[in-house]
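A.B. asks: Sequence:
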Amino acid sequence: MSFSTVRTDPSSTLPMPKTVATKPYDWTYTTTYPGHESVEPKDPSQTVPGSFGFTWKPADPENTSNIIPLAELSRPDPILFYAEIPLFEDELHDNGSSSLLVRIRVMPKSFFILARFTLRVDNVLFRTYDTRIFHAFASSPPLLVREKSGWEAPYERVQRHLPRRDDLTPLTDPTFIGKVLADLPKIVSQKEGAKTGWRGMGTRTEVVELDK
Numbered sequence: 001m002s003f004s005t006v007r008t009d010p011s012s013t014l015p016m017p018k019t020v021a022t023k024p025y026d027w028t029y030t031t032t033y034p035g036h037e038s039v040e041p042k043d044p045s046q047t048v049p050g051s052f053g054f055t056w057k058p059a060d061p062e063n064t065s066n067i068i069p070l071a072e073l074s075r076p077d078p079i080l081f082y083a084e085i086p087l088f089e090d091e092l093h094d095n096g097s098s099s100l101l102v103r104i105r106v107m108p109k110s111f112f113i114l115a116r117f118t119l120r121v122d123n124v125l126f127r128t129y130d131t132r133i134f135h136a137f138a139s140s141p142p143l144l145v146r147e148k149s150g151w152e153a154p155y156e157r158v159q160r161h162l163p164r165r166d167d168l169t170p171l172t173d174p175t176f177i178g179k180v181l182a183d184l185p186k187i188v189s190q191k192e193g194a195k196t197g198w199r200g201m202g203t204r205t206e207v208v209e210l211d212k
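All the letters of the sequence shown, read from the start, carry residue numbers 1 to 212 under full-length UniProt numbering.
Source of the hints: derived by calculation from the structure; they are not laboratory data.
Incorrect hints may have been included.
What the hints assert, rightly or not - Derived Cβ-Cβ restraints for the label pairs, each shown as a range: (1) 55 <-> 33: 16 to 22 Å; (2) 109 <-> 62: 19 to 25 Å; (3) 17 <-> 123: 35 to 41 Å.
The model shown is predicted, which means the values in this text are computed figures rather than measured ones.
Ideal Cβ positions, reconstructed from N, Cα and C, are used throughout, including at glycine.
All chains, full assembly: derive it from the sequences and hints.
C.D. replies: Structural data, given as structure tokens:
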């Protein structure tokens, strides 16, 4: 059995293989996805079933019904339903961690949804993006409130808040990371960040009025 090889050199007339530009992608899998809605219209003939979504509007900061009541959510009310749904998690080739987790909680008077994206790039930065959705069953008019918040800070800035300097375990805990980032001055975690220019930083609150 014999094999023939073809060599190319500067004088070769053989065509070079076509090259395709590599498409850029975010290897940290950072997402600011706030969820989407699929609502059945009252009149099925108006549109395709399941394609009718909400129209979110900026919240009125002076209207208390347009704000998620954190004090109410911290009360020990009975929990009728609870679910924790991991959507994805990746270790970034041992360079850190990237995850998206959704928590759903239903109480007698309201429900609350938290979708939290958490990113740790070792020795570089931490990043959190939260989407919170709240509805009080007795709200009039019936409202959904959605709050979207993004924080970012250099790795060492979060590391300073470790309870013990020799224990890095909390740096793998999304709850610990989220609390530290949220407690930092806004100019640090929602303006400057880790100097990446990430557009997800800041807080935006929206509301939508539901049909009765």
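A.B. asks: Which of the listed hints are not met by the structure?
C.D. replies: Violated hints: none at all, because every hint is consistent with the structure.
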